[in-house]
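Enquirer: These are the residues of each chain, in order.
4 protein chains.
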Amino acid sequence: MDRTAIDGDSSWFEPDELELLRRKVPFPYIDVLPVRTDAHGRLTHLGLLLRATGESRIALSLISGRIRYHETIREAVVRHVEKDLGPLALPELPTSLVPFTVAEYFPTPGFGPFVDERQHAISLAYIVPITGHCEPQDDALDLSWYSVAEIQQPEVLAGMPHGHDLLVRRALAWAGVA
Amino acid sequence: MDRTAIDGDSSWFEPDELELLRRKVPFPYIDVLPVRTDAHGRLTHLGLLLRATGESRIALSLISGRIRYHETIREAVVRHVEKDLGPLALPELPTSLVPFTVAEYFPTPGFGPFVDERQHAISLAYIVPITGHCEPQDDALDLSWYSVAEIQQPEVLAGMPHGHDLLVRRALAWAGVA
Amino acid sequence: MDRTAIDGDSSWFEPDELELLRRKVPFPYIDVLPVRTDAHGRLTHLGLLLRATGESRIALSLISGRIRYHETIREAVVRHVEKDLGPLALPELPTSLVPFTVAEYFPTPGFGPFVDERQHAISLAYIVPITGHCEPQDDALDLSWYSVAEIQQPEVLAGMPHGHDLLVRRALAWAGVA
Amino acid sequence: MDRTAIDGDSSWFEPDELELLRRKVPFPYIDVLPVRTDAHGRLTHLGLLLRATGESRIALSLISGRIRYHETIREAVVRHVEKDLGPLALPELPTSLVPFTVAEYFPTPGFGPFVDERQHAISLAYIVPITGHCEPQDDALDLSWYSVAEIQQPEVLAGMPHGHDLLVRRALAWAGVA
Chain A
1 MDRTAIDGDS SWFEPDELEL LRRKVPFPYI DVLPVRTDAH GRLTHLGLLL
51 RATGESRIAL SLISGRIRYH ETIREAVVRH VEKDLGPLAL PELPTSLVPF
101 TVAEYFPTPG FGPFVDERQH AISLAYIVPI TGHCEPQDDA LDLSWYSVAE
151 IQQPEVLAGM PHGHDLLVRR ALAWAGVA
Chain B
179 MDRTAIDGDS SWFEPDELEL LRRKVPFPYI DVLPVRTDAH GRLTHLGLLL
229 RATGESRIAL SLISGRIRYH ETIREAVVRH VEKDLGPLAL PELPTSLVPF
279 TVAEYFPTPG FGPFVDERQH AISLAYIVPI TGHCEPQDDA LDLSWYSVAE
329 IQQPEVLAGM PHGHDLLVRR ALAWAGVA
Chain C
357 MDRTAIDGDS SWFEPDELEL LRRKVPFPYI DVLPVRTDAH GRLTHLGLLL
407 RATGESRIAL SLISGRIRYH ETIREAVVRH VEKDLGPLAL PELPTSLVPF
457 TVAEYFPTPG FGPFVDERQH AISLAYIVPI TGHCEPQDDA LDLSWYSVAE
507 IQQPEVLAGM PHGHDLLVRR ALAWAGVA
Chain D
535 MDRTAIDGDS SWFEPDELEL LRRKVPFPYI DVLPVRTDAH GRLTHLGLLL
585 RATGESRIAL SLISGRIRYH ETIREAVVRH VEKDLGPLAL PELPTSLVPF
635 TVAEYFPTPG FGPFVDERQH AISLAYIVPI TGHCEPQDDA LDLSWYSVAE
685 IQQPEVLAGM PHGHDLLVRR ALAWAGVA
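Protein chains in written order, with my numbering: chain A, 1 to 178; chain B, 179 to 356; chain C, 357 to 534; chain D, 535 to 712.
Once the Cα atoms are required to be at most 27 Å apart in a straight line, the calculated DSSO-like pairs of lysine-lysine come out as: (1) D/K617 / A/K24; (2) C/K439 / B/K202; (3) B/K261 / C/K380; (4) A/K24 / D/K558; (5) D/K558 / A/K83; (6) C/K380 / B/K202.
Stretches of chain C that chain D covers, calculated by requiring three or more beta carbons in the stretch to come under 8 Å of a beta carbon on chain D: (7) 397–404; (8) 451–465; (9) 527–534.
To be clear, the hints were calculated from the coordinates, so they are not data collected in a lab.
No experiment lies behind these values; they were computed from the predicted model shown.
Just so you know, even glycine gets a beta-carbon here, dropped at the ideal spot from N, CA and C.
Start from the sequences, fold in the hints, and give me the full structure.
Expert: Structure representation (structure tokens):
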């Protein structure tokens, strides 16, 4: 199995070692919602990735990933955005690292709304306006922009695994557009 | 007396009428801290206005002003930024209108840290990155950029009336740079 | 018409004067969602008021009201909670006055999600755990507690005027329970 | 060496194993500031622990600790509060898990304001009102309450290692009392 297929940013560990660690400690994570805003800063569109999942299916997805050892949160956000959207995306990181929500992913189904069968992850979620040009990379097959109205349609939200539909709802609520 | 000298955005009222209203109801306000950020979104500099005060003195100041009747908060932020910094300042408004702090200005000295002898104002305070070119306008004589270290020097903070030094400290705390 | 029927906290103004002011300046407001929490602080129930509206109908409602001249936000929250829930409600006010959302009510239908035909109000919204005994007062006919699941049922949310259903959704999102 | 002396909540690991993990992955942490509030929810006092440090010195300290594997953030907060303040402290956890700040502790001196020579920790910081009776436990020798004015005296803040003085300042700023 390809290491990238397990986790795009696992390059510092052998797969076996990462698997072992994941059964022992919770991992600090970030979730990023790429957005477009209008001239007054109001959120107008959200970007979702079409990502190949492990079971050769395709799912709508946010930008997510681990914070590495000795990496700052800001570095992790930039790294994951560039990994998925390419080096010309020009993300505008927020002034404050206070997240709009904290998502607790557990490997045990039914333990809460956020599920990640691989690990216990504690994720800081950010909204990040994208001002440049996106070229989906790596295992991100494509990026689609949805208007605030479009993304709230049940068929879109239903296509998001891991509880990411809830992250989208919380982002819209915090941004004051739903 | 010139109306602008009383309040830069009082154009919808005669001075007498505004004075009367100000003794009856609290006014919704905004305070904006213009900032520069680095490529990772980290706050590096804050901009302070040199403003002529009523008593022909000069004070360091934030961008502040009323929210008008039937005006949105985003419109008020853009209007006040353009009024003080000119039309080419290109402010990046935050995605969320949740302020980093709420400042309660009272006309009575000693009632709290924020004082405005003219009125009771309830102010939503925002950090706004400025990406364009600033040309101080109106009663704003000049704009000076201070690094995070410089602005915390006692002589700078001491020159800020109305409790604005406290707003600067809260902004730095919220932005995670102090 | 009874003054209380216009606005529960209008006692400092004659109705005519209040009507006049309301067409000239926006009013600072608060919205309070009374909640019950479990031993770990997790939101379990929200309280909605059954309130008689002007047109002799009944609507589900939050605790809302003006901030008076020279009143602090904390005083306004306590005053409105006691007015609607009685003096034994024992509200636990939040440590920070940063609201979970800012609601902009406009008198013009269609201008935004929050509508108040009487005025332009800028409202700071807070979640306030209630630890005591509630005795609905004044024009609040009754208080009903809804579980997090119950309150999200369409028939409950649909019964909330002014866009208050949106405030409930944003509160649940911010509290991390929806 | 006693395991508790290394880390109060390391009971799930042998010391060697914990040391090894700490050089490989960042640890999700919490920092808790115990506070007293008045009837209007306003922060009046902060509690600091007198804690024996590894080098047989004594330092003023917050309540800090790891989030364990498969433990919720709320469980971790309650566990660490009870560990340091005893089972009768009756902490009032916040309704939202959005922290007032995120502290990034690095093992490398000079890398940032928060330093922890043992590990890279990413800490969610919360203000938690304490309503019960505190009996310092374990390696917490005593708990002292400081008024908002007292805690800002340089000699108090200077006695706080790891950058905890900065956490106190950010907490006061967020709570709107400094």
